[in-house]
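Participant: Next come the chains, spelled out residue by residue.
There are 4 protein chains.
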Amino acid sequence: MSKVRIGIVGLGRLGKVHARNLAENIQGCELTAACSLVPEELEFAKNELGVLNTFSDYEEMTKSDVIDAVFIVSPSGFHCQQVDTAMKNGKHVFTEKPLGLVVDEIKETQEVITKHPDQVFMLGFMRRYDESYQYAKAMIDNGEIGEITLIRCYGIDPSEGMESFVEFAMNNDSGGLFLDMAIHDIDLVRWMTGQEVDKVWAIGKNAAYPQLDQAGELETGAAMMRLEDKTMALLVAGRNAAHGYHVETEVMGTKGMLRVAQVPDKNLVTVMNEHGTVRPCSQNFPERFREAFVREAQEFVSCINDKRQPEVNAYDGLQSTRIALACQESFDTDSLIEVGKD
Amino acid sequence: MSKVRIGIVGLGRLGKVHARNLAENIQGCELTAACSLVPEELEFAKNELGVLNTFSDYEEMTKSDVIDAVFIVSPSGFHCQQVDTAMKNGKHVFTEKPLGLVVDEIKETQEVITKHPDQVFMLGFMRRYDESYQYAKAMIDNGEIGEITLIRCYGIDPSEGMESFVEFAMNNDSGGLFLDMAIHDIDLVRWMTGQEVDKVWAIGKNAAYPQLDQAGELETGAAMMRLEDKTMALLVAGRNAAHGYHVETEVMGTKGMLRVAQVPDKNLVTVMNEHGTVRPCSQNFPERFREAFVREAQEFVSCINDKRQPEVNAYDGLQSTRIALACQESFDTDSLIEVGKD
Amino acid sequence: MSKVRIGIVGLGRLGKVHARNLAENIQGCELTAACSLVPEELEFAKNELGVLNTFSDYEEMTKSDVIDAVFIVSPSGFHCQQVDTAMKNGKHVFTEKPLGLVVDEIKETQEVITKHPDQVFMLGFMRRYDESYQYAKAMIDNGEIGEITLIRCYGIDPSEGMESFVEFAMNNDSGGLFLDMAIHDIDLVRWMTGQEVDKVWAIGKNAAYPQLDQAGELETGAAMMRLEDKTMALLVAGRNAAHGYHVETEVMGTKGMLRVAQVPDKNLVTVMNEHGTVRPCSQNFPERFREAFVREAQEFVSCINDKRQPEVNAYDGLQSTRIALACQESFDTDSLIEVGKD
Amino acid sequence: MSKVRIGIVGLGRLGKVHARNLAENIQGCELTAACSLVPEELEFAKNELGVLNTFSDYEEMTKSDVIDAVFIVSPSGFHCQQVDTAMKNGKHVFTEKPLGLVVDEIKETQEVITKHPDQVFMLGFMRRYDESYQYAKAMIDNGEIGEITLIRCYGIDPSEGMESFVEFAMNNDSGGLFLDMAIHDIDLVRWMTGQEVDKVWAIGKNAAYPQLDQAGELETGAAMMRLEDKTMALLVAGRNAAHGYHVETEVMGTKGMLRVAQVPDKNLVTVMNEHGTVRPCSQNFPERFREAFVREAQEFVSCINDKRQPEVNAYDGLQSTRIALACQESFDTDSLIEVGKD
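Residue numbers (full-length UniProt numbering), protein chains in the order written: chain D, 1 to 342; chain A, 1 to 342; chain L, 1 to 342; chain X, 1 to 342.
Warning: the hint list may mix true and false statements.
Treat identical chains as interchangeable: a pair holds within one or across any two.
[Said to hold, decoys possible] Each computed DSS-like pair below joins lysine-lysine, with the alpha-carbon atoms no more than 25 Å apart:
1) Lys255 x Lys266
2) Lys16 x Lys3
3) Lys3 x Lys46
4) Lys307 x Lys63
5) Lys199 x Lys230
6) Lys266 x Lys230
7) Lys255 x Lys115
8) Lys230 x Lys137
9) Lys3 x Lys63
10) Lys137 x Lys266
11) Lys107 x Lys199
12) Lys199 x Lys341
No lab work stands behind these hints: they were computed from the structure.
Please read these numbers as outputs of a predicted model, since none were measured by experiment.
One chain only, chain D, in its complex shape (with noise of 0.2 Å):
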């Protein structure tokens, strides 16, 4: 069986992750090209990883005949327009959340997926593939926490973020904390319970950085949302952890609850010190999300071998773009927001 052939697009902080894998950790498949204005990027792959093929053109890569797919880890504002021209050069696509900024433009990059049923589609919601919210999904599937009534979803990134995501935000436009932050959680909650959402409220706070008022951006924000079946969600999306990185999701039923991650444990160490019993925490996601990272990439070369589309598609990145901007606008306007489906 060959191997498959990819080309990655983007290496920043999380494109150097994928690369890596892809270049190391994922079976049967080769990264052979990789695309980046950054010339350090391209001698990092060159040198780090040996890749053959380096790009300053996307469009070319994605022309070229040393790649059968592409990994889409640039800009968010980028993903729409590239998922366009890798498919229609004929490659399959993995692309990073969110699958574009703007419904319009993802329903048309929808479209263009739709029209090439037999190249791999698939959006980066890589706690899909963690080990532990695999195991909460299976037992939720089994029935054994009963139906579904509430589900609550915390995103929250470490604090020694937040000096530098001010100063950035001060000039750029992050596109909102529920865009920017809560995506990942928005997928779990219509992942877990199987349900669109309905109605959403949304509020926030900004209080160790006032100067985020003026940014329109947020310190940490929090939204409720009422699914169709009338399921409740509860998001806190924020910057400012001070323990580390804490993702943890909660979902209730008739019959039992499950946390996923109830605190960011970093591993198994206890240590009994004179601040009490410490558990450490993971303090961001390639720490915490290094396997799941690892299986979506396998995930996704199995799927172009196998010949199937992988569970994640292109709806569900427009729900969780119209979601998210869903909670913005609620929090803009201080009103109840409707979210619409297809």
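The hints should help you fit chains A, L and X onto chain D, whose structure is shown.
Facilitator: Relative to the frame of chain D, chains A, L and X by itself:
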């Protein structure tokens, strides 16, 4: 120092807890009288606790000179009127929550209370007297978690009570989930943050017992609140926790987070068996808050002896009911509701 | 029912805990007398607790008719003789552990106790009255963990006491780590398993305070014991826990394991801050065993009223001292020591 | 850089784990050969892992030039001889623990290894490559818990293996509990403390399966060890944990304590159901140490490429077997045994 003589009204489940504490565990007081319409309850007071004076007429008890203070543990609908009567007859008053079910009635009672500044008035928000809540509050007040951005409160009763509740709800009005169950959590929101609630949205779902839809009751509900300084509050109230009596509170601040009873540990025992690593859970409020009830009653007696008013006052009673009613109205009308204050 | 009138001897740290409980928290008794050679301690009893009769002569107190029972909280070396005196003067007796420091002396006291079967005798192994230990014991007795194969007991005092202990040890004899610290755990071994100890080996190390080697004292020690039915016991005793008062017990059985206080949680609060996820720890025995002391004293009073003997008897006192002494001898001689029984 | 070509011998349960890792998850190597007497195992290697060269004669494999290194996962009794053969044929060697079952034989192998300093020799104490153990070791080496006073190691297999073990033990010699099960923990004691063992006492009990007494085998055993600097070590080894695969290590120091896998959490999921708050448990070593096996094999390959020897050497193999044998002798003779060193 002579002992404070107390008369109790209401000897149901919680009434018996209070009566036994007053008779046996509180320093500086005597339980000298009991009032009930149920002869068996008066027999209990006489025979088990050695209460010398029993009454079937509440007003008569408040007028008698065998007591200095009343302890009101009757159904919520009677609280306001019973407070008024006792106050007017010169007695100190402790009443269980809620202070009342109707805002205007509470305001009148508040006026009565205000006119008797030398008589102690205390409202039974006993969680404020729980050791763990006091530890958490002290940490917050010491600035150890910085400025509060969000508070999350869960108050969920164990599943074993569901069937009798459904039966009850078919023929009675509980006042609604938010007034019946969430009022302690509403008090915690105000106490922990020191802020008033500005706006609420409440939702709910009946999953295991859909017949509650007809009764206008809820198995599980959630409310999101924005406080005056934009601090966020998330409340979950319910009656259907498979594992026990789940009362959990989380406070997020700019420098750290804390949780009270992250899971409802029953005691310090951990079991490892075929289910995994298991921590047994608290099953009901007398078990979880046994000591808090004692400390609360002790504080009431101490206030009388020290001629001072407790921290929990009539305004706390007014606001907690007001917010609970706003949650209920939000749920009933599916809209954002603004909460007033005086 | 008239109240049991109790006289206490010894009003040091633990004596004050007991005295306050007897005066304020125990039903059916009165603290009517106190005996001490320290005038300030008698002042405390008189002024803070309202004790009417104070004595500097212990025998005089035991002969007086203002008491029905004595509560012995004096230094360990006096216990046997004070038990004898009280028994001979017709009083019920509670004594703190250990019953004595010398096996032969304990046997004589045991005989005295046996000759007064109508007087209650109780030994202060208060852990048996702790809610979590009782829960664990009930699980074991119900067969929930099957047959016991191993028990592990930790009893480690917080570091903050080390410096004063070192100073003390330079000029005094504590009786040795095993008699001074491990005796509660030795009682737990016998109580939980229902087995006698057959053979022991004990070792120890002074690391932070090597000067204890000169004093013949230990900072931390361990003992392994084989019980008569081959059940294994592991004990760790120490004085230098950085995080607090670490009393932990584990019981392994053929169907499961259980742990009491796997870590010494202070309360139900969890903190997430720059150190990680933190559970504050208990700092001392009055904090950890507050309720156990109350329940223990209550049991003593109940035994007197019910004319029955408590579960903990003189033989428990004999064996626990015997085993502690065997541990010490094993450590001193670096050899396996067989423990006798009667 | 050309890839290290590896031949594996032994394709049982653990052998398959290693083989798959070498074939799929380790960078810089190829699994080019496999040796087994079981035809099905060679089929597995060929068909599932694409191994090109299969052997039924081990010496032949070590002489062939299709491999640079051997990976020995055969029964323990063959390890020494297979190491010798491979060394003499110029191959790098990885062998599973224990290095051998007989001290004199290990010493001879040690000499052989010493004579081939340019060939990498590595012993499979994979826990040293587990992330949590490495985190703990780094804390210790940084002085974060001060000087070590005591180490406690549990290694208990899940109950589900008991019946087949009893059957096996009736007709075979496992080497005894301490050599079979405790050897990883013995290595941890030496690795964590940096000290040699001076003296041991070992005890044991068969409770669920008393027939093991006849077989001279143990269901559960414990050993206490005094190390050369008086540091204490407590080991519990067993085969009958109801909840799963319980490998736990605790290190006490003068400034704090730490525990690795205080309970054997399977993942990050917490369940709240009718049993209480439940954490699922790891069920076996491939699950618990999946990543450690990968990192261990990666280290072996890296050592070959970097021309350096790994941290775990033949002397570690000698001492760990020596200590395990001393434990067994102590149990067999019911006496304290001194452990030698070279």
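Participant: Look at each hint and say if it fits the structure.
Facilitator: Against the structure, the hints come out as follows:
no.	hint	verdict
1	Lys255 x Lys266	between (30 Å within a copy, 19 Å between copies)
2	Lys16 x Lys3	both (21 Å within a copy, 24 Å between copies)
3	Lys3 x Lys46	both (19 Å within a copy, 19 Å between copies)
4	Lys307 x Lys63	within (21 Å within a copy, 43 Å between copies)
5	Lys199 x Lys230	both (10 Å within a copy, 21 Å between copies)
6	Lys266 x Lys230	neither (35 Å within a copy, 32 Å between copies)
7	Lys255 x Lys115	neither (43 Å within a copy, 50 Å between copies)
8	Lys230 x Lys137	within (20 Å within a copy, 34 Å between copies)
9	Lys3 x Lys63	within (19 Å within a copy, 32 Å between copies)
10	Lys137 x Lys266	both (22 Å within a copy, 15 Å between copies)
11	Lys107 x Lys199	within (21 Å within a copy, 35 Å between copies)
12	Lys199 x Lys341	within (11 Å within a copy, 28 Å between copies)
The structure fails hints 6 and 7 (numbered hints given earlier, in ascending order).
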